[in-house]
Every structure is written in structure tokens, then in C-alpha cells.
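Hints are included, so try docking the two chains, each in its own frame, into the full complex.
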Amino acid sequence: MSNAADSPPVRIEAADCRTPFGDARATCAALRAGRRALALQPVLGAAGGDAVPLAPLPGRALDETAPPAWLPCLDGLVATLPEAPWGDARHPVFVTSSNFGVGSLYAFAHDHDPAHLEFCTPFALVEGLRRRFGWGGNVALLSHACVSAHLGLLLASRALRAGPAERALVFTFDFISPFVTGGFHALKILNPELPAPYAVRPTGSIGLGDGAAFAVLGKAGAGFSLSAQTLHNEMHHFTANRADGTGFAASLEPVADAARGRRLWLKGHGTGTLEAGRLEAEALARLFPGAPLVSWKGGLGHTLGSCGLVELAIALAAMRGGEAPGTVGSAPPCFVDAVATEPFATSAYDGVVLASNAFGGAHATCLLTHD
Amino acid sequence: MIERHIHCVQTEDPGLEEPAATRARLRHLFPPGAARRLTQLGFLMGSVLDPVKPAEEDGLVYASSYGESRALHEYLASFPMASPTLFQTSIHPSAVQQVLVARQQPVREFFPFGGHAQIVAHAAQAALWSPSPRSILCGGEERTLPPGNSRTASSIGFAFALALSAVAGGSVGSLRLLETADAGGELTLPDFFTALRDRRALDQTAAPGVRLVLAWR
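Residue numbers (my numbering), protein chains in the order written: chain C, 1 to 371; chain W, 1 to 217.
Okay, chain W solo, but in the shape it has when bound (with noise of 0.2 angstroms):
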């Protein structure tokens, strides 16, 4: 069993709110060179990252399933002229990225997840696995519905961060791993983010032979 202390949950939930919204809502917390070029998901991770402060001898892990699927989809429409920008912001752990050079806030550790079914209990496994005093597990996925291709993007948006530490004192919960018999098991990006909103409990097998506990004081 590995444990680790939840010190600090943040969350964001702007369901089907529009990326202009988003980054009117939440430029404030970026010089403005840096927000002209952040895309949602850039800004919701920023959003939830901003009061954990990640530290360079912080281990970083990232889960998103679908990443920048909008620039994604930008890209793809820039060709044959294709955008050099929109390429870099394409690739997976991009909005943790935007996030971080906005800051110019380097990290030792940084582990991005791609993944559905068991990427919340892999990312979770490397968070609890970090050598370092505190590790940041966040997430999350902007909402893009590119036509025809509904399975390549995430209907809803979201993003959530949790900063883990083996200090029990002062946490407001838990994060357990557990050996499970269980050959089974999944707990998606957007039930774990739920979990995490409504501070509700989650004790269940999250991949084969993991056993995943959600736990609050």
C-alpha cells in the first residue's frame, strides 16, 4: 500500500463554457504576452495550478486523454501552409507547458499521461511512486466538438490538481493505492474530477490489480 496526504484540491468546471469566455475569465492570472497564446486547456491548467505554485523539486504528473485537441484540429486545418505555432501547442502535455514557460518555472519531474479507462490509476501510481517531499497530480480536458469526428475530442471541459505529500498534518484527505486480486477496473479522467468537485470518497479497483481510495476529512 502507498499513501500519500492531499494538501491542497483545486478544481475547475466550465462545462460548455466557449474558449473566448474561458480566457476572459481567467487572463488575469497571466502576463498578457503569455494568455494571447494559451489555449483552453492552457488556461483551466493554469487556473488550478496557480495557487499549488509547482516547485522544480515537485514531481509533475499531467492526464489528459484527448490533450490539445483544439489546436489539434487547428493544426490540421493550417496545411498544406502549416502553422509552426499551432504545432508545438499541438503536442500531449502542452498545456502544462504553457503553463509552466509562462512562469518560467522549470520542474525536475514531469510525467504526462495519455490514456481512458486506467489513466487515473497510472498517473495516480506515478504521483505516489515520486521520490520527491511533494508531488502535483493534475488533469484535465477542454471541450472541442470537431465535425465529424466527435471520438478524437472531450464534449465537456475541466481540470483539477491535487498537491500530495507523505505529511499527514494539516492534509484535507487522502490518496491510497491498494494491491488488488481484481483483474479488472477503470475510473476515467472526468470521474475522478468529479469525485474530486464534490469531495466525495472513491474506494474501487482502478486497473488490474489496483485498488484506488479517495478519502476526506
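Here chain C stands alone, though its shape is the one from the complex (with noise of 0.2 angstroms):
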């Protein structure tokens, strides 16, 4: 395979997303107006420790109900889907997360109540899903942390090309819990100090945050097209990045070549991580000289697996509203020029490109375009 994006284009029908802000066009208007969805709250739930930066969505406690307090969330996506016979041959479901129901699982572990048991593995979890939004059996489970939701989008674009498909469903959500705030607390990423991707200071930090997001692609858009997607996994190291950057580049030189000749923004991935921040800016402000860039995460915090396709459902509603937020959280001095830390016009670009990183050293990249 020669290193070249994914294409043709494949055209978006559909896509919104749930935050703690509400739906795409809520978020990116909270966004815009530099609103932080995260606050300090002990790490363990219930449980206590060091306060640091979440973002359940509103009433949500960090500790799992069963049956989950998030599955309304879920609900209330669902029911915003265009009409489809979601799951069947023709129209082939791709759920993508990174913990699944894990929060459960952890759940399960500290009260030992049987009733998180149908929510603990990925495909239980799932098949409940599936019944309860009435899809049929041909629904895929993709998990590669957080850059999950982009392979649920790459696989689909391929079912539409070269499967039997009409059109193809991601679905993707992730939700905190202790299992996963104690996990990255334990490698002092997740610290009492709030996100401020691509800002050069003393010490990194993130933030986390629900999220739940779908995009319905297919032969009829809406007006904008997937027109190239990557991937890369650098299998360097199970945290760290290759430090020359190269594992950056090499997921987005073919959509830089994909986009040439196109004015573009760009998302960027921006934990508020320094390295990585640092490898990022750089990589991308090699590659799309003069091109503005963004990171949402130090607003919503960073919904892991959910996170490819959140943001680019508040990407679309960008584009559709004629102004992009800017990096909330952030001030200069930071890694690039090119980090925009205020709200710009969209009106200038014809697309934006999508990136997001993950456990060992895995990179997506996608170009979303107008058609």
C-alpha cells in the first residue's frame, strides 16, 4: 500500500454530539464563547483523592449506577438519527469507544452488585444497546483508545465503497468513571491544574469529559465530505511519542497532500499534554503553513475514544455557524504561531483537519471538506 490517504471522498449525511454542553451546535457555541465545561472534582468519585479537571455531563456522578446514569445521553443522540434500517446488511452499524462500560466493571468491583454485569464487557454492553435502539445484528465494535472513532469512520467509508452498504453508522461514545480518571491520575497526567493545549508552561495537563457522538455517512450529503483519511501507530512506546515527531508526520503528510491547493483550518488533538502538544503543533504548522489551530480539549476535557468524532461533529456545526472557537484555555506564548486562541471566521476555509492521538502512538488524521 502506498502511503496515500483514504479516498474518494465519502460524504457526511449526518452528525451531531452529546457534551456536557449539549449538542454540537450548543458546544460550539459554549466554545466560542471560551466556556470550560470542566471543574475540580476528586479523581476517585466517590471514593475521594486529589481534586482535577472532569466533565461528567451535568448531574452525572463519576461513580456507575446500574443501570448507567449516561444510557438517557445515548437515548436522546439516538433519537436525532436519520431513519434507517440501522443495522441490517445495507446499513452497517460501527460502535467505537475506548472503556466501553468499564465504569461498571469498576462498579461491579467495589459493591459487587450483579446488576453491572450486563454493562461490564464491550459486547454486552453493546448487544444491550442494540436491543434497545432496535438495530439489527450487523453492528462492528472498534476500541483503540482514543483514536477510536476514526477507524469506526475509515471502516465505514470503506464499507460504502467496496461492501454492500448504502449507507454506514458510527456510533461512538465514552464516558468517565474512577477507572479511567485513577488511570491517568496514576501517570500524573490528569493533575489538580486545568488543560491549556499548545501553551508553553512548566507542567502538562489534561482534563476528561463525556462524550457520545454519531455520523451517518453515505451516497447523498449534507454538504460536506470525509476526503481523506490516515492512520499510523508508531508502536514506539506505550505513552510516548517517537521524540523526532516522525509518527506525527506520517499520518498527516498524505492528507496534507490530499489538501493541497485548499484553505484549511486545523483541529488538532491538544490534551494540554506538553510533548506531544509540542510534536503536534510543530508537525502540523510544518505541513499546513499559515493554517489557524485549535484544540477544544482544554474546554470539554478530553473524551478519549469519543473524542474524533465529538469534535468533528462541533467542527461541521463551525463551519455551518461562520466562526470556529478558538483553543479555550490557552494563552501565547504557545508551541506555534499558528495556535489560535480566540473564535476566527470559517468563511475563509473551504476545510478542516481532524486529528487525534492515542496509547502507542497512534495517530488519525481526516480532511473534512465542503463538497
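Keep in mind that the hints were calculated from the coordinates and are not lab data. Computed from a predicted structure; not experimentally measured. Among the hints, a few may not be true.
Short derived list, chain W residues pointing at chain C, Cβ under 10 angstroms [claimed, not checked]:
1) Cys8
2) Tyr66
3) Met81
4) Ser83
5) Thr89
6) Ser90
7) Val101
8) Ala102
9) Ser130
10) Pro146
11) Thr152
12) Leu202
Covered stretches of chain W (chain C as the covering partner; in silico rule of three or more C-beta atoms under 8 angstroms from a C-beta of chain C) [stated by the list, open to error]:
13) 21 to 27
14) 68 to 76
15) 120 to 127
16) 161 to 167
17) 188 to 197
C-beta atoms are modelled at their ideal positions from N, C-alpha and C, and glycine is treated no differently.
Here it is, written out as C-alpha cells:
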């Protein structure tokens, strides 16, 4: 296989998300206003611990209930899906998540309530969701940490190009729990500092938040397409990237080739860690000179496996609304001059590059363009 | 119909083997520093991927219903002082990442699947849709018996890897996916593994609309 992005374009029929701010339009508006959903909360929920920046859905506790308190959020998202016999042979569903129902496994380990067990494994949880939403059995599950949603988008695109699919649904979610907050806290990147993506500062930090989103890909679109998609997995270290930044470049270069001649803005991964943030910002600035770069994880926190599609839905809302949010929570000096810390008009641009990264040096990039 | 030819098939069938025995049996495949940190599933995936030798341009597809169940449960037991190492290790595709990080082997595309009844069909689709000249379809489970919640782990260990390409010459079999009007169908990982281990043919509906045909020469 050549080092080329997946193409030709695949049309986006519909997309939306849920964050603590609401749907994609509400989330975009809140970020444009510079609002943060993140607030300092005990890292282990009811068990206490350091106060760290978290953004669960409004009113949702970090400790999982049975059934999970986030199910109504997914019900609300599914209620906005375009009508189709989702899950049949011609309407495949790709469900992606980093954590699926692992918060229920944590809860079971602590309270031993067997009611949690039907949500603990990815396949048991998704089987329950499939029945709840009335979907057929053609529901694939993908889990690759924080690039999970991108994998769903790429496979859905291939299902449309090569398979029998007429329309494909990518459905993604990640809801934080002490399992994941405790893990990132143990790695010391979830600490009492609020995240400031791409900002030059002495200590890096991330926030974590709830997120869910969907995209319907099909032959009939609504004005936007995924024009190029790429993946790359460094496999250099579990939690660190190659110091020369070649992993970022390997994912971004094919998209830069595909985007040549376009006027672009950039939505980076930008969690708030220092080394990865610097490598990403430098690679983006080199390959897309002059393009403004934003991250929204300073406002929403990192929504983990769902972030790629949550942020794609927000980018679509920004393109439709004519103004993109800046990098909430950050202020100069930044790693590169291209970091936009204030909102900016999108009318001058005809596309946006969306990038996500994950454990294992995993990278995923896609190009969202006007039709 | 889409088809790829099987050029290499590897299986590991440790059954009820304990992790310490798996480690002793397979540690020679890894550098000493890396072997110390590998999970049982990491060792098993390393064993089946070693002869296949994944390369950067291969399309790599991995399937596991339970993933790193032992690391998950050990990580849970580490609270309230959560273990950062077990947190990293517990993520779903960690077994393959452990192997490739140890070998410093990048791959462009890596699709890790969860799921149960249709996991084989969906993973096979990803492998056969790959634009790479060669794709690798691998998967497995490690044996874990967590007290009180056996529904969250596999009771047996196994692993497999298939190297697939469009070239028929020199192949030992083929994997085909065909459209079918059948709206049901399932094929689990243990059943697929058993067919690979025994070089047994399969022809069945493996997911709605997906007929899977495994043939041997």
C-alpha cells in the first residue's frame, strides 16, 4: 500500500454529538464563548482523592450506577438519527469506544452488585444498546483508545466503497469513571492544573470529559465530505511518541498531499500534555503553513475514544455557523504562532483537518471539506 | 464477493495453561526487558505473529472479545493506588501493542475489534477491505477466572494469525466473504480458532448479510 490517504470522498449525511454543553451547536457556541465544562472534582468520585479537572454530563456522578446514568444521553442522541434499518446488511453500524462500560466493571469490583455485569464487557453493553435502539445484528465494535472513532469512520467509508452498504452509521461514546480518571492520574498527566493545549508552561495537564457522537455516511450528503483519511501506529512506546515527531508526520503528510490547494484550518488533538502537544503543533505548522490551529479539550476535556467524532460534529457546526471556537483555556506563548486562542471566521476556509492521537503512538487524521 | 488467499496460518492452543507456564514457554521470543512486562495474551499474540512478521505497510486487524481481562482485574485490585502500568496494559488492543512495541515495529493501519457473535465477520471484513497488498487477521483470548464475575473473561486461552493476500500462488487456503440474504448468523472467535487449528473448512452466515467461507487446499 502506498503512503496515501483513503479516498475518494465519502459524504456526511448527518452528524451530531453530546457533551456537557449539549448538542454540537450548543457545544460550539459555548466554546466560542470561551466556556469550560471542566471543573475540579475528586479523582476517584465517592472515594475521594485529589481534585482534578473533569467534565461529566450535568448531574452525573463519576461512580457508575446500574443501569448507567448516561444511557438517557445516548437515547437522546439516537432519537436524532436519520431513519434507516440500522444494523441490517446494507446499513452497518460501527460502535466505537475506548472504555465501553468499564465504569460498570469498576463499580462491580467495589460494590459486587451483579446488576452491573450486563454493562461490563464491550459486547454485552453493545448488545444491550442494540436491543434498546432496535438495531439489527450488523453492529461492529472497535476499540483503539483515543483514535477509536476515526477507525469507525474509515471502516464505514470502506463499507460504502467496497461493501454492500448504502449508508453507514458510526456511533461513539466514552463516559468517564474512576477506572479511567484513576489511571490518568496515576500517569500524572491528570493533575490539579486545568489543561492549556499547546501553551508553553512548566507542567502539562489534561482534563477528562464525557462525550458521545454519531455520523451517518452515505451517498447523499448534506454539504460536507470526508475527503481523506489516514492512520499510523508508531509502536515505539506505550505512552510516548518518537521524539523526532515522525509519527505525527506519517499520519499528516498524506492528508496534506490530498489537501493541496485548499484553504484549511486545523483541529488538533491537543490534550494539554507538553511533549505530544509540541510535536503535534510543530508537525501541523510545518505541513499546513499559515493554517490556524485549535484544540477544544481545554473546554470539554478529553472525551477519549469518542473525541474524533465529537470534535468532527463540533467542527461541522462551526463551519455551518461561520465561526470556529479558539483554543479554550490557552494563551500565548504557544508552541507555534498558528495556535488560535480566540474564535475566528470559517468563511475564508474550505476545509478542516481533524487529528487524534492515542496510546501506542496511534495517529488518525481526516480532512473534512465542503462538497 | 471479496477474497484473499491464506499464505501463513499460525495458532496457539494453550487451553488451561497458567500465565507463568506460558511465560516460561514463550519468553525466548522477546527481549528480556520486554518479556518481563508481557501479559499472557501478549505472549500468545507474540507467538502467532512472530512467523508472520508484520510490516509497516500491512493492514493489521485484531479481534478479542475480552481483551486484557487479567490486567483489567489486576488494575482494579490496585485501587486506590491505581497502577499506571496496569492501566496502560489493560487497554483493549494492548496485547498486539506489547508485541509490536517490543519489536519497534510500526504499522500504518491497526483495527482492533471487540464484539462476540459477529466479531469474526466484522474483523474479516476489515482485513479483506484493506487496500494493503498483505493483511494480517489475528486474534485471541487469555484465560482468566475472576472471582464472582466469570462473564467478564474467557475461560480458555488461544491465539491465531493469518497472513492474507490477493495472490493465489503458494497459498494454503482462502478466506471469502459473500453477500447473503440471511439476516441472522454468528461465528465466535473460539469457533473460528478451532477451524483454523484443525484446518477445517467453514461455510456459514457469520453476520447479517455476510457469508464467510474458509477453504483449505
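Hints versus structure:
1. Because the smallest distance between the Cβ of Cys8 (chain W) and any Cβ of chain C comes to about 19 angstroms, over 10 angstroms, the interface hint for this residue is violated.
2. Checking Tyr66 (chain W) against chain C: minimum C-beta separation of about 7 angstroms stays under 10 angstroms; hint holds.
3. A cut of 10 angstroms between beta carbons decides the hint on Met81 (chain W): the least distance to chain C is about 8 angstroms, and the hint holds.
4. Hint on Ser83 (chain W) holds. Least Cβ distance to chain C is approximately 6 angstroms, under the 10 angstroms limit.
5. The interface hint given for Thr89 (chain W) holds, since its Cβ lies 8 angstroms from the closest Cβ of chain C, which is under the 10 angstroms cut-off.
6. Because the smallest distance between the Cβ of Ser90 (chain W) and any Cβ of chain C comes to about 8 angstroms, under 10 angstroms, the interface hint for this residue holds.
7. Look at Val101 (chain W): its Cβ gets to within about 5 angstroms of chain C, closer than 10 angstroms, so that hint holds up.
8. Annotation: Ala102 (chain W) was flagged as interfacial toward chain C, and the flag holds, the nearest CB pair being 9 angstroms apart, inside 10 angstroms.
9. Hint on Ser130 (chain W) holds. Least Cβ distance to chain C is approximately 8 angstroms, under the 10 angstroms limit.
10. With its C-beta approaching chain C no nearer than about 9 angstroms, Pro146 (chain W) sits inside the 10 angstroms limit, and its interface hint holds.
11. The beta carbon of Thr152 (chain W) comes within 5 angstroms of a beta carbon in chain C, closer than 10 angstroms, and the hint placing it at the interface holds.
12. A cut of 10 angstroms between beta carbons decides the hint on Leu202 (chain W): the least distance to chain C is about 18 angstroms, and the hint is violated.
13. Here the stretch 21 to 27 of chain W counts 0 residues with a CB under 8 angstroms from a CB of chain C, which misses the bar of 3, and the coverage is violated.
14. Proximity of the stretch 68 to 76 of chain W to chain C, defined as three or more residues with a beta carbon under 8 angstroms from a beta carbon of that chain, is established by the 4 residues found.
15. A count of 3 residues in the stretch 120 to 127 of chain W with a Cβ less than 8 angstroms from any Cβ of chain C is obtained; the coverage claim is therefore met, three being the minimum.
16. Counting residues of the stretch 161 to 167 of chain W whose beta-carbon sits less than 8 angstroms from any beta-carbon of chain C gives 0, not enough to reach three: the coverage restraint is violated.
17. Counting residues of the stretch 188 to 197 of chain W whose CB lies closer than 8 angstroms to any CB of chain C gives 0, which falls below the minimum of 3, so the coverage claim is violated.
Taken one by one, the earlier hints fail for this structure at numbers 1, 12, 13, 16, 17, listed in ascending order.
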